[in-house]
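Enquirer: Dock chain one against chain two, each of which comes alone in its own frame, and use the hints as you go.
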Amino acid sequence: MQTLVVILLGVVGVVFADHHVTDYGECDELTRYKVKTQWNRAYSHGHDREDFAEAVWRAVFNIVPEARSIFKRVGGEDTGSGEFHAHALRVLAGYDIAITLLDQPEALKAALDHLHKQHEERKIPDHYFDAFRTALGHVLPAQVGRCFDKEAWRACFDVIAKGIRGH
Amino acid sequence: MFRLLVLTALVAFCAAKIGDGRDHCCSAQDRHIVQEQWNSIWHDTESSKVKVGFARLILLKLVALAPETKELFKGVDIEHPEGGAFSAHCMRIVSALDMIINMLDDPEALEAALEHLADQHKDRAGIKKEHFKKFGEILAGGLPRVLDDYNSLSWKSCFKGLFSQLAGHLSA
Numbered sequence: 001m002q003t004l005v006v007i008l009l010g011v012v013g014v015v016f017a018d019h020h021v022t023d024y025g026e027c028d029e030l031t032r033y034k035v036k037t038q039w040n041r042a043y044s045h046g047h048d049r050e051d052f053a054e055a056v057w058r059a060v061f062n063i064v065p066e067a068r069s070i071f072k073r074v075g076g077e078d079t080g081s082g083e084f085h086a087h088a089l090r091v092l093a094g095y096d097i098a099i100t101l102l103d104q105p106e107a108l109k110a111a112l113d114h115l116h117k118q119h120e121e122r123k124i125p126d127h128y129f130d131a132f133r134t135a136l137g138h139v140l141p142a143q144v145g146r147c148f149d150k151e152a153w154r155a156c157f158d159v160i161a162k163g164i165r166g167h
Numbered sequence: 168m169f170r171l172l173v174l175t176a177l178v179a180f181c182a183a184k185i186g187d188g189r190d191h192c193c194s195a196q197d198r199h200i201v202q203e204q205w206n207s208i209w210h211d212t213e214s215s216k217v218k219v220g221f222a223r224l225i226l227l228k229l230v231a232l233a234p235e236t237k238e239l240f241k242g243v244d245i246e247h248p249e250g251g252a253f254s255a256h257c258m259r260i261v262s263a264l265d266m267i268i269n270m271l272d273d274p275e276a277l278e279a280a281l282e283h284l285a286d287q288h289k290d291r292a293g294i295k296k297e298h299f300k301k302f303g304e305i306l307a308g309g310l311p312r313v314l315d316d317y318n319s320l321s322w323k324s325c326f327k328g329l330f331s332q333l334a335g336h337l338s339a
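Here the protein sequences line up with chains W and S, keeping their order. Here the numbering used here is used: position 6 in the first sequence is 6, and no number is missing along the way. Just add 167 to wherever you are in the second sequence, counting from 1, and you've got the numbering used here.
No lab work stands behind these hints, which were simulated from the structure alone. Where is the CB? At the ideal position from N, CA and C, for every residue including glycine. All clues given are correct.
Here are some chain S residues pointing at chain W (derived, C-beta under 8 Å):
| id | residue |
| --- | --- |
| 1 | N206 |
| 2 | A252 |
| 3 | S254 |
| 4 | E278 |
Dumping the calculated SDA-like pairs for lysine to any residue here, alpha-carbon to alpha-carbon at most 20 Å:
| id | chain 1 | residue 1 | chain 2 | residue 2 |
| --- | --- | --- | --- | --- |
| 5 | W | K117 | S | I260 |
| 6 | W | K36 | W | V144 |
| 7 | W | K117 | S | D290 |
| 8 | S | K216 | W | D103 |
| 9 | S | K216 | W | S44 |
| 10 | W | K34 | S | D211 |
Bound conformation, chain S alone (with noise of 0.2 Å):
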């Protein structure tokens, strides 16, 4: 019963403390699974179909789910997802994902790139907090079915301060 208490407690805490990207929630050890679960897909030289097919998959699933988000991106050529321009835009979504996960040891850094990518998606009209939050479930969907090992509760915990984060510029 007392355990119970502690966890409702520290899970209270958590939910106080998640939104500035590098809450205890996000722990050493969190950051750690999540690194290691994350590069270890991306070894083969193949890697860029991977990327690209896998980013690609992400964005068209937001689209289908929030349909509004079809204009945002217009300017990449969402009608040819197959094609350069879309098929370039996947793969700096991958890179920027790609590039947070491995600063995740170092909070300064990090919050630096955040902050940058903030802005970046602030300067788009249209862009919404829960357009945000739909990415980040789809994508909690989608890795456990690409990587072997998955540790859901490390990836939600890391993930909730990123994506708020991300999102922390937007007005909506």
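Isolated chain W (complex conformation) (with noise of 0.2 Å):
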């Protein structure tokens, strides 16, 4: 009975480990290498950066016009504005620094967490991630050019957006 027990413990270790390789494994260390490179190339500096992020928003509001009402209380009405750059920026530099600690797994654990934190009480809609990884992976191209490897950017992405949402 015990030696049952013991193998059938063994089994679902087994299972929970291959279910977080097939989570996950995408992402693994060189991916994440080349997505942190990739994302300093794209996330740029300035007024560049200010673009990209305005790019980003609005191909999001694109794709899900009615997101714009959370954005309501940091001028999302006008992606255009002081008030919504700042915003939008802010935005960035979270994903910022998740994609850079991408190799540091401890601390983008601890990113991960606060980021959800953030997020927990504003109810965002799974397909509005969705929306924001789509919309990354319309603008990222413009910005990295042929390089730009959207296999490692999805698994990597979901390795994010699956922190930030907490599921």
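Expert: So, in structure tokens, the structure goes:
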């Protein structure tokens, strides 16, 4: 009986480990480096960064126009306003933190927990996260050119989105 | 002699204007210099270690010089500065600095961002204006040690305004 329990626990353990691999497997160490490097280039500086941020948010609102209402308090009606720029850059800064920490698992976990808390009370539907991912998928290639690795981004974005959503 | 007078008058004018965060002392040229010098260190992919490490040194120095601030970082586990929670916090601080420096050219957005950050600090009891001043001093001492090019006048003129605005919602 005891052996059976041990074996069973072992099997469960393997299944869980497997599950973990299929969830995060694609965003492995090398992929993380690639995403980090490409992000650095895309994120850029100064006005370029503001343009990048605005482009991402315009794409998001194109995909899910109703999401605009969440951003009323930060000037969401006008993506060109200073107020909304500040917000758009704040969000990208949060994303920057997560990507930059992709190679420091412990700190990444803490950063994602923090972002999770900030997002929890806002009740953001899952498909808004998908829209954000799609938006990035459109704008990033314009920033990094043909070197943009869609699969790598998708895999690592999912790791980050999962952390922020909490599921 | 006349030039000296003009200079003195200018300095006085600057001193009077400091506080609104975008006075003419932090000129377009100053902002440009600050952005260029700051951005020069973060190009490397390994920058996460550099960023976290840099902020960690600054915050630990702050805590060493103003021990009462240690309590303020309890929530981010300052007891274990190498740990995940504190590292993530360091990253947040560098990221906020990075954000406002890269916004220097857009006064409207900068204003909104600084207001938001000032609010976030207002909610934390125990943070005082003098802590920001100290933080600014430590930063000004640390930056020239990591930046090959560091124009202290430009940095000083821009950061005075930035930090006074960051601390703008604090009562003490």
